[in-house]
Each structure stands twice: as C-alpha cells, then as structure tokens.
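Peer 1: Spelled out, the chains give:
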Amino acid sequence: MKNPFIIYIIQRILQCIVVIFIGTTVTFVIPRLVPSTNPVETAIARAQMMGQYTDPKAVDEMRRVLKKLYGLEGTTFQQYIRYWGSVLRGDFGPSFSSFPTPVMTLIRVSLSWTAGLLLLTTILSWIIGTLLGGLAGYFSEKPWARILEIFTNAIRPIPYYIMALLMLILFSYVLPLFPRGGAFAIGLTPTFSWQFIRSVIIHAFLPALSLIVVGIGGWFQNMRVLVSNVIREDYVVYAETLNISPQDILYKYVIRNAALPQLTGLALQLGMIFSGALITEVVFNYPGLGFLLYTGILRGDYSLIMGITFFSIVAIAVGALIIDLLYPLFDPRVRYT
Amino acid sequence: MTVLQIDKIKAYYKINAYGNQRTVKAVDNVSLEIEEDETFGIAGESSCGKSTLIKVISGTIKPPLTIIEGKVIYNFGDESIYIGKVNGQEEIGKVTWEKVSYIPQSSMSVLNPVMKVRDIFYDLLKSHKKTMEKEVFNETIKEHLNSLGLPIEVLDLYPHQLSGGMRQRVIIALATIFRPKVILADEPTSALDVVVQQSVLQLLREIQNENKNTLILVSHDMSILANIANRIGIMYAGKIVEVAKVKDIFENPMHPYTKFLINSIPRIGDKSDRLSIPGFPPSLADPPNGCRFHPRCPYVMDICKEKSPLLCEVAEGHNVACFLTSEESEDGKY
Amino acid sequence: MFNIIKDLFKFDGRFRFSIITLLCIILFSLLSFWSPYDPSSSYYVPSNIPPSAKYLFGTNSRGQDIFWMMTFAIKNSLIFGIITALLSRILSIFVGLISGYKGGIIDKVLMSINDSFIVLPLLPILILLKFIIGRMELTTLALVMAVFGWSWDARLIRSQVLSLRERDFTYTSVFSGMGTLKITFKEYFPFIIPIVLATTVNNMLWSLGMEITLAILGLSTVEIPTIGTTIYWANQHQALISGIWWWLTFPVIISIFLFLALYLLSVSLSEYLDPRLRIQQARV
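Chains as they are written, first to last, in the working numbering: chain A, 10 to 346; chain B, 10 to 343; chain C, 1444 to 1727.
So here's chain A without its partners, still in its complex pose (with noise of 0.2 Å):
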C-alpha cells in the first residue's frame, strides 16, 4: 500500500534529525565527560595572563556572566534542554570579542564567501572527477588512464592543509601569480562591478584550486573503482554481446550506474569537503566560516566556536538530506514499486 517513494523520504528526513541529534548531544557530552575542564576558568585566567591587575569582584562578577554566556547555570539536565533551545532558535547569543554582534549575524556574513567557494569546488570536482574516473575505468589499459591513475594515487592522500599550502608556495611565491589571501583586493567596496567581481575571482582562484584538485583526487579513484566493478555486471555484458555502441556503453550502462554509489559517497563525504573548506580558508585568509572559527580560536571566543559548530552540523546534515533527495532523481528503482 505505502509507496516506497514516500517512504524513503520520511526515512532520510529522519536520518538528518538523527544526525542533528547525536552532533548536539556528543558536543554536549564529552567536555563533560572529562573531568577538570572548565571553560569559564579557562578564559579568566586567558584575561589574567594579559598582565593586569584583577579586582577579586571583578573577577567573581566575570565568573558570573561568563557562566551565564556559556550556558553552565543550572543542572547539567537544564544546561542540555537550553543548548536545544539556542540551537533550534538559531541564537548563539553575542560574540565574546565582537560583544554585542550576536553570533548568527556573524556567521551569516562569513557564510556567503564559504558556501560560493564550498558549492563551486565540490560540484566541479564531483563531475570532473566522476566523469574522469568513469572514462579510466573504462578504458583502463589505455595510457593515458595509467598516468591519471598514478598522479591521483599521489594526490589522494594530501591533507587539505597541506595542499593549500603548497598552492599557496607555489603560485604565490615562487610565481608571484596570484595575491597571498584575502577575498578581494583591499580597498574594493563590494559591488556589482566588474573590477570588483575579478577581483574576487583572482583571490578565490587559489583556494579553488587547492579544494578542486584534492576533490578530483578521491572522486576519480572512487570512481574508477566503481567502474571496474560495473563493467562486470550482467547488463554490461549483455549489452556488449547486442553490439550496442561502446559510446552508449560507456555512458548509460556504465557510468550511470557506477554514479549512483558515487552520488551517495557524496552525502557522506560532505562533512569531511566542508572540515577541508575551512582549513583551507585558514591558508588564504579567506573571510568564510574557516576564517571566523580560527579568530574565534585565537580570541578566546567560545560562543562564536560553539556557533559555528552547531551551525556547521545542521548545515551539513540539511546538506547531505539534499543529496539523499536528489538521489531518486537518478535511481529508479527507488522511485518506483
């Protein structure tokens, strides 16, 4: 009676609840699961190490409103149930450094520059590398799909950090060709303009780059794995010995096929692109997410931290339920009975 259709969308939006769920309550958890951590004291004595001389009721008095700011009032079962609340409401309360600038406006002007660059390098380097990826597993003997294997063999496993820094080494300064960070070039008020929009397209190419080349790197030996799988199934057999064209092969008997694991594989990844992302955006100083939660490191910001962290696990959740959606699109044996 129930169509499957529906049910597989009812199973993947509970899946990105339970996702949310388990992200809130293991961040909740495990600090206190650690005995002798206290980020209150932390951050008093972080102001006393600057050197000044601190009234006893001052202290007390920061104590006070630090532990109101880092939600630690009351039992620890009342502490969970307002973590909810703020997650749910999407209010992180102010910024520690940037007191009174609420968090979630922080975080809002930060996100546009992170998903452009986030959006762009996994949609490109997903197709590239699929695409890629499929055409050398098909024609695996062929030579120049040897090269491309053992260049991404080598790639592969390069961190994101270490990428970006050999991209910014090299491009930057031994080929002085690209500006060392930034968004866009200082002094440019962001407009619709096309000085503006180059501008924004040179500083973000390197980070681009960087994100793109580590992406094509795993999609394409994924990929080609799933290939050499697929050309051994049944109807890939079957339709070689109908004479169909290799083209037609290739294309809607082979890689839509081998795509389906890969579009899943990407759902799953996502979290891992996004944690590349903001590393990334570290090396480049490019001003996203990244770049915010490394100030807010450096600033000893624990609202803007746990913020963006919260932010960061609803929006990879909602991110990967997107993929699961789309996923019927391509699959037809999810779509029908």
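Do not take every clue at face value.
[Claimed, not checked] Below, computed lysine-lysine pairings styled on PhoX-like, alpha-carbon distance capped at 20 Å: (1) Lys-261(A) - Lys-125(B); (2) Lys-71(B) - Lys-151(A); (3) Lys-261(A) - Lys-135(B); (4) Lys-19(B) - Lys-94(B); (5) Lys-143(B) - Lys-108(B); (6) Lys-94(B) - Lys-17(B); (7) Lys-66(A) - Lys-76(A).
[Stated by the list, open to error] If you want a taste of the chain B side facing chain A, the calculated C-beta under 10 Å gives, among others: (8) Ser-67; (9) Gly-102; (10) Thr-105; (11) Ser-110; (12) Ala-294.
I should point out that these hints are in silico values taken from the structure, not numbers from a laboratory. Every residue, glycine too, gets a C-beta built ideally from N, C-alpha and C.
Given the structure of chain A, go ahead and fit chains B and C onto it with the hints provided.
Peer 2: Chains B and C in isolation, oriented as in the chain A frame:
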C-alpha cells in the same frame, strides 16, 4: 545445411595473480555440427563448461578466457563468421545480433536497471539499423511484442518492475527481433517457476517453428530438453561425451554418464529408488587423467585411466566418447 | 602470512614502496632514543642555521636542532596514530559484528547512529571540544578521535558479516547452540582480520591528518613535538616569510611520504584481499 561447425575447440581460463598461475580447462577439445532448423540441446551438470562453450560460440571471448586451438565457423550461405586462432593470434569474427543472438542465463540482472525497456530496444535497433526513423522503430517494436504476446505497456516500465517471466519474455523479444538464424539460450528457464517455464518454452518452440531458425538450448534439466530438442549433446567436465537424437538418448543411452542422467529422471508411476552418481564432478583446473569420468564410472577399465576416448559415430546419428563402445582415443593412438 | 608479504612485495610496486618508506620512517623515529637533546628544551643551539653537515636539517628560531626534533615528532605522531587506530578498531569491530549479525531493529538503530558519525563535520566539533577541554594529553586526544573514527570501518565489517551470516557454518553453530556473542567473535573473527588490517591503515591516515590540522590551529599541547606542532611553531615564527624554509619543508616532506606510504599500503592490501580484483588482473 550445417549452420554451425565447432571444430576441436579448446578454450581455457588462464588466471595469473601475484605469480601464481591457474588454468581452468573449461572447454577441452569439443567438436559439434549443428544443422539449420533444428533444436539442439546441450545437457550437463553445473560447471561442466556449458556456459563457456556458449560464450565461445557467441564470440564473447574476453581475458582471462582464451582460445587455445580450434575454430568455430558459422555458415549462412552468403556469409560466414570465423572464430578461432589464425597463426597463433585469436581472430574473433563479428558475431552480429542479426544473425546470432543470445538468451542469457540470469535474466534477473541482464537489463540495465536505470533504463526503461523501450530505451534498451532503441539502443539495440540504433546499433544495427542506423537509418531507421523513430516511427518505424516504434512500429517494429510494437509489432514484435504483439507477436510474442507481450503487452505494449511493458515498454515504459523499468526492469525491476517486471516479474521474472515478463523479464525473460522481454529478453526473448530482444533476441528475436531481427529474426536471427541461430539463437543461443543458456538456461533460459532455470530461474522461473514451473508454470512460467512451460509458457516460455512454448514461446521458444513457436518462434522456432515460424522462423525455422536453429535453437541451441543449454540446460541441466533433462526434462526440458526432452520437451523441445531434436538432438541432444551431453557435456561432462569440458568435453562432449554423447550426441544423439532425443529419442535415442532417452531410450538407448550409451555413455555411462548419460545412463546415470536418464535413470535419475523420475517417471510417473515408477516408484523405485533414484540412483545418484557417486562422487563429485571434477575440478576443471585439475581434471583427472585419461577419461574425465573414470573416477566415478562403474565400468572403468585400465585404459580409461590413461587415455581420453574420442567422440565418434557408433550408430546412425549417435556419437559416443567411451572406450566401451570404441577404441579410438583423442591423441590418435589406439 | 609471511608468504602473503613475500608475494605482495615481489609483485606489487606500491606495496614495496610503502613498506620501504614506512620502515625508513620508523627507523628515523627510533633514532629519538639516542637524541643528545631533550625535546622540551629550547635555545640550546644557535638559531636559524640552514641545513649543513653539523645540523642535518638545520636549526629553528627556538634554538632547537630540527633533525633531532623531527625524530621525536615522527615518533609521537606515529604513536598517536597507532593508538587512535587501535582504539577505534575496538569500537568498529564491536558495532560491525553486532549490527551485521543481529540485523533487524538493532541493525537499523546502530547504522543510523553510525551514519550520523560519518556525516558529522568533524573539524568544528573537534575544535570546540579542544577549546573547552583545554590542555589534553596526547592519549586523551587519541581517545576522543577514536570516538569519531570507528564509523566508516564499522560499516565495512558489517557488510562482511552480512555475507558470512548466510553461510553454512553459521547455521551449524546456531543449531549447536552457540550464543550470539560467541558466534560473532570466535567464528567470524578470522574473516574480519583482513578488513581490519586495511582499515587500520586508513584510520591512521585520517587521524594523523586531523592531528596535524588541530595542531596547526594551535589547539594541541604545543610543548610535545609532533609533526603538527612543528608546523605550528614554524608558522608562529613566520618561517616562510623569514626565509627559514627548512623549518617547514622537512615536516611537510616527511609527512607527505608518510601519507603516501600509508595510502599505498592500504590500497595494495585491500586489492590483494579482494578476490574479484585479483582475478581481473590476470594476464594471459
């Protein structure tokens, strides 16, 4: 007219990994002559090499499968296709679907799961009749499906939405749309229940009657072959051990293995115990010396352990490979 | 087992490369036991001297001999990676076995939790945790990483168990009254070992990468030399801009080799273990 000639074909799987080499002698010195307008059955247990033989005949020879020696020749009067070794090089003639088609073993998974049935037909027609237009395509497909008793709605469905019997019928439709001269069917009914089996066999028989093509049917189920075949070849461990007309195989089996096979088929009214063959089928990577059946044969003689018997004519239209009936062995010595 | 290693060494170039590289790196880290300097001390040699015969990797701005510092750094990073990998094995084996064998609701629930861990964006979460918890021993960090690193491999083990479940010997065990835990751990374990090996290497890759990332952001206990903290200090002292390239270059190069070796090792191991791929590689 002999439409398919298989001449001393040896096709092995050569597997080489990390320095270890294994050779699986799946088809070892097989010779057959198959006529037009006949239904030829190939019977044998699992992993006796039947599927490999079909692969060789249909020209689907990919590493690690290779032809060691021998040849396969199709003779269509105006045209012939050659598959075999020429000067040490494999030469695999283009076996086109218009002349030779194939009904595969596991219809469960041979249709592309992301394509509609209609699109699979399009791909097939496109690759063979490049000049046809869409309307002509559609008409051809519709007519063909009608003649097979398949509803046209099937075209807009995805493979997983079809039942097993429907899928098999679609596959038969794909195999017969060009009215080929030879149809190779590898266990076309083993995945179906008995009722559907019957209707699929019926369909194959009707097609054969109407088009007068050659149907080569591989099965491990003797009763199916009894139903539909004119002649039967019995295959064991990569070799053909007996070839005869259906009636002769069932009433007068001469090879010990065939005798066991026939005796194991239950008959209505007969309540005696069914005997099974002692022992296990041999591994094709390491087959026994001499006659491959000798470890399980109740009539084994000394010569059987050393030499392999040649398939030769023992009675009219009845060939047997056994030292009980003839003294010729495969290496030409007596 | 030695035959496997011999076979792989002879025929798989990647395996050869990775084993040799790993051995070199391990030997290098063992040198730390003969180090003439205490890793936590600083300013005991003249600063900022480029690589030369006396100071093989040069010295850094904190007056430390980079060569000897690297031996400690590699050793600590390796130990960290191994501990994390081992700890997360325990979780992944446990979850994978139970989930695959029991099936039903338990499987659904466990897998749902499992997938959540896979999807979670770890960097912000780890940063937050580090920030709250403050100074962490390397082992505590390893524990925390283990909590996040089991999910991918648990899934792999689960699919292996799913296929094992249908085999005859399972039914025999069940019918002779073996309990669930006993079946899963005693009977299935030998089959699981190859996957566990391949994923251990993968896991090390991942945890080492994370350690470097966290250290670079300044969140590690920066007194303990690891690959990550070395890069951190180099950045703190603006190594690139000051032209002290050797401070950054050596950790980066060594870590690239380490990562490459681990990756190729895991790839060649998993190819060797996949029976289908083995046959596909047949040359006629």
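Peer 1: Next step is simple, just say for each hint if it's right about the structure.
Peer 2: Results of checking the hints against the structure:
1. Lys-261(A) - Lys-125(B): holds, 11 Å
2. Lys-71(B) - Lys-151(A): With a Cα-Cα distance of about 17 Å, the restraint between Lys-71(B) and Lys-151(A) holds, given a limit of 20 Å.
3. Lys-261(A) - Lys-135(B): Holds, because 14 Å separates the two Cα atoms, which is no more than 20 Å.
4. Lys-19(B) - Lys-94(B): holds, 10 Å
5. Lys-143(B) - Lys-108(B): violated, 23 Å
6. Lys-94(B) - Lys-17(B): Distance ~12 Å between Lys-94(B) and Lys-17(B) Cα, so the pair holds.
7. Lys-66(A) - Lys-76(A): holds, 15 Å
8. Ser-67: holds, 6 Å
9. Gly-102: Hint on Gly-102(B): violated, closest Cβ of chain A at ~13 Å, above 10 Å.
10. Thr-105: Where the cut-off is 10 Å and the nearest Cβ of chain A is about 6 Å from Thr-105(B), the hint holds.
11. Ser-110: holds, 8 Å
12. Ala-294: violated, 20 Å
Checked against the numbered hints above, the structure violates hints 5, 9 and 12; every other hint is satisfied.
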